[in-house]
Amino acid sequence: MFGYVVANMDKLTEEEKQQYRSCYCGLCKSLGNRHGAISRITLTYDMTFLVLFLSALYGKDTAPAKERCMIHPLKAHEYWQNEITDYAADMNVALTYYKFLDDWTDDRNILSLLEAKVFQEENKNIAVQYPDKCAAIRDCLDELSLIEKSGELNPDIPSNCFGELMGELFVLREDEYAQRLRTFGRSLGKFIYIMDACMDLKDDIEKEHYNPMVTTSSENFSTILNLLMADCTEKYKQLLISRDKDLIENILYSGIWTKYEAVKNKRKERQKQ
Amino acid sequence: MISAPYKVIGVLPTASDEEIAKAYRKMAKKYHPDVNHGAPEAAKRMSEINAAYEQIKSEKASRKSGGGYSGPTAYGGGSPFGQNGPFGGFGSYGNSQQRSAYSEFDTVRHYIRAGHYREALNVLDSIPTRSAEWYYCSAVANAGIGNKITALEHARRAVQMEPNNLEYQRVLQQIVNGGSAYQQQSQGYGIPIISMNKICIGLCLANLCCKICGG
Chain A
1 MFGYVVANMD KLTEEEKQQY RSCYCGLCKS LGNRHGAISR ITLTYDMTFL
51 VLFLSALYGK DTAPAKERCM IHPLKAHEYW QNEITDYAAD MNVALTYYKF
101 LDDWTDDRNI LSLLEAKVFQ EENKNIAVQY PDKCAAIRDC LDELSLIEKS
151 GELNPDIPSN CFGELMGELF VLREDEYAQR LRTFGRSLGK FIYIMDACMD
201 LKDDIEKEHY NPMVTTSSEN FSTILNLLMA DCTEKYKQLL ISRDKDLIEN
251 ILYSGIWTKY EAVKNKRKER QKQ
Chain B
274 MISAPYKVIG VLPTASDEEI AKAYRKMAKK YHPDVNHGAP EAAKRMSEIN
324 AAYEQIKSEK ASRKSGGGYS GPTAYGGGSP FGQNGPFGGF GSYGNSQQRS
374 AYSEFDTVRH YIRAGHYREA LNVLDSIPTR SAEWYYCSAV ANAGIGNKIT
424 ALEHARRAVQ MEPNNLEYQR VLQQIVNGGS AYQQQSQGYG IPIISMNKIC
474 IGLCLANLCC KICGG
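Taken in sequence, the protein lines are chains A and B.
In terms of the working numbering, the first sequence opens at residue 1 and continues consecutively.
In terms of the working numbering, the second sequence opens at residue 274 and continues consecutively.
By construction, these hints were calculated from the structure, which means they are not laboratory data.
Check each hint, because a few of them may be wrong.
Derived coverage of chain A by chain B (criterion: at least 3 residues anywhere in the stretch with Cβ under 8 angstroms from a Cβ of chain B; other residues may be distant) [to be verified]:
{"hint": "1", "region": "202-210"}
{"hint": "2", "region": "220-227"}
{"hint": "3", "region": "245-254"}
Cross-link-like lysine to aspartate or glutamate pairs, in silico, EDC-like; alpha carbons within 20 angstroms at most [stated by the list, open to error]:
{"hint": "4", "chain 1": "A", "residue 1": "11", "chain 2": "A", "residue 2": "246"}
{"hint": "5", "chain 1": "B", "residue 1": "295", "chain 2": "A", "residue 2": "204"}
{"hint": "6", "chain 1": "B", "residue 1": "302", "chain 2": "A", "residue 2": "246"}
{"hint": "7", "chain 1": "B", "residue 1": "295", "chain 2": "A", "residue 2": "208"}
{"hint": "8", "chain 1": "A", "residue 1": "99", "chain 2": "A", "residue 2": "122"}
{"hint": "9", "chain 1": "A", "residue 1": "272", "chain 2": "B", "residue 2": "292"}
{"hint": "10", "chain 1": "B", "residue 1": "302", "chain 2": "A", "residue 2": "219"}
{"hint": "11", "chain 1": "B", "residue 1": "302", "chain 2": "B", "residue 2": "292"}
Think of the CB as a built atom: it goes at the ideal place given N, C-alpha and C, for glycine as much as any other residue.
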């Protein structure tokens with residue numbers, strides 16, 4: 001995953017910051033408990049957002065507990081967990097496993113195979129518990145690598161494919177929210193994939209790697225990305241979330257641009273020199 | 274249409290898909306405007322290369338199946354606009370051109386008005402000449418199924434080819450404006466600055482591990 005779905009911390013209230021941190025720490029803890037300490041390295045902000053978002057939608061318990069953890073041994077800190085935290089931790093490991101497996105199949109990179117092996121045992125249990133999710137992740141990643149290999153120039157095609165994957169991750173269960181969650185997840189995934197491609201374009205051209213935005217003039221990137229996020233927030237509004245609304249909107253309207261803006265700034269500074 | 278697309282890319286017509294993709298990327302490295310700091314010659318060359326590559330790919334695809342990548346996600350998911358379509362007054366043609374004979378575009382417009390965007394795209398795929406009208410219809414149909422990037426690109430091309438056509442201009446504006454309300458609200462937050470360490474230093478460690486492993 002990419003880790004782009006973060007909050008703009010400067011614009012959060014103290015309570016919102018605390019809520020965000022506790023969600024993050026809860027997921028980190030759940031990963032460690034369920035899948036071993038090593039799995040914590042797979043933790044991403046994208047998954048933290050998934051926990052925050054679904055917990056708010058389903059009104060799940062987010063009452064914080066306190067503890068000291070390995071990373072902060074001196075100061076006790078707050079965290080919260082619920083069934084969605086565990087779901088996200090499982091999905092995080094499955095994603096990591098299939099991604100490494102895919103990289104191994106594509107590039108025969110031995111490191112990827114070793115990493116896939118690390119999570120193979122853990123993923124066995126997850127695949128039994130969530131056969132549909134795991135099949136969806138695997139199929140989307142397989143299809144995406146076929147599209148990328150074919151050198152597809154239409155950016156909608158690979159980004160729809162990645163969106164499909166994200167859409168499935170947002171569907172916790174087939175209920176009244178499922179379809180709206182799926183379309184929201186799809187549009188968010190699509191945005192993430194394209195933003196990543198926009199940021200990597202120059203490097204990819206220089207390294208002669210595939211990039212779906214290669215035929216699009218970079219002057220249009222901002223228009224395109226805004227269109228995609230506008231679409232995503234339209235779908236977000238359909239879900240009528242009231243809890244943690246400001247925090248979630250901070251992420252969708254501002255935080256999500258953090259890395260993009262950082263890369264843009266770095267480029268500008270380099271050009272000045 | 275380009276008469277010798279393979280020559281432009283610099284491969285033989287017998288080259289495999291992978292070889293063609295590789296050759297294309299080599300060309301992009303030389304001529305892409307983003308690595309050439311706006312040299313006008315390079316930009317012109319790059320658009321020739323893009324056109325040639327697209328032509329080769331669509332010729333190959335039509336020999337194999339039917340038009341472009343044809344996997345399950347080729348054309349977005351679900352219509353976001355419901356049955357009435359994104360563009361209210363679509364299809365009010367006739368004021369600019371006199372039509373006497375039946376045209377494939379009548380079928381395309383019919384499908385679009387009914388909200389059958391996928392069917393409209395299938396008919397468009399079968400039309401070999403890409404006129405301004407083709408790009409215009411493709412923009413509307415692609416917007417209808419959520420392929421926003423293609424929609425924007427094709428609306429731009431339609432306007433470029435026929436700058437005085439008000440209908441094309443209106444659709445382009447409508448597509449571009451789709452993002453403006455979001456952009457306004459987003460700018461209200463100011464530019465987000467990276468302050469990841471405010472969340473958890475553990476993540477920095479985690480990221481470091483991922484970098485080491487190459488993930």
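Hints, one by one, checked against the model:
1. With 6 residues bearing a CB less than 8 angstroms from a CB of chain B, the region 202-210 of chain A meets the requirement of three and the coverage assertion stands.
2. Coverage of the region 220-227 of chain A by chain B holds [criterion: at least 3 residues with CB-CB distance below 8 angstroms; count 5].
3. Counting residues of the region 245-254 of chain A whose CB falls under 8 angstroms from any CB of chain B gives 3; the rule of at least 3 is met.
4. Of the supplied pair hints, the one linking residue 11/A and residue 246/A holds, its CA atoms being roughly 10 angstroms apart against a limit of 20 angstroms.
5. At roughly 12 angstroms between alpha-carbon atoms, residue 295/B and residue 204/A fall within 20 angstroms of each other, so this suggested pair holds.
6. Only pairs whose Cα atoms come within 20 angstroms are accepted, and residue 302/B paired with residue 246/A is rejected, the gap being roughly 43 angstroms.
7. Taking the CA atoms of residue 295/B and residue 208/A, the gap is near 8 angstroms; set against the 20 angstroms cutoff, the hint holds.
8. Only pairs whose Cα atoms come within 20 angstroms are accepted, and residue 99/A paired with residue 122/A is accepted, the gap being roughly 14 angstroms.
9. For the proposed pair residue 272/A and residue 292/B, the alpha carbon gap of about 38 angstroms is over 20 angstroms, so the pair is violated.
10. For the suggested pair residue 302/B and residue 219/A, the alpha carbons sit about 18 angstroms apart, so the restraint of at most 20 angstroms is met.
11. Taking the CA atoms of residue 302/B and residue 292/B, the gap is about 15 angstroms. The hint holds against a cut of 20 angstroms.
In terms of the numbered hints stated before, the structure departs from hints 6, 9, listed from lowest to highest.
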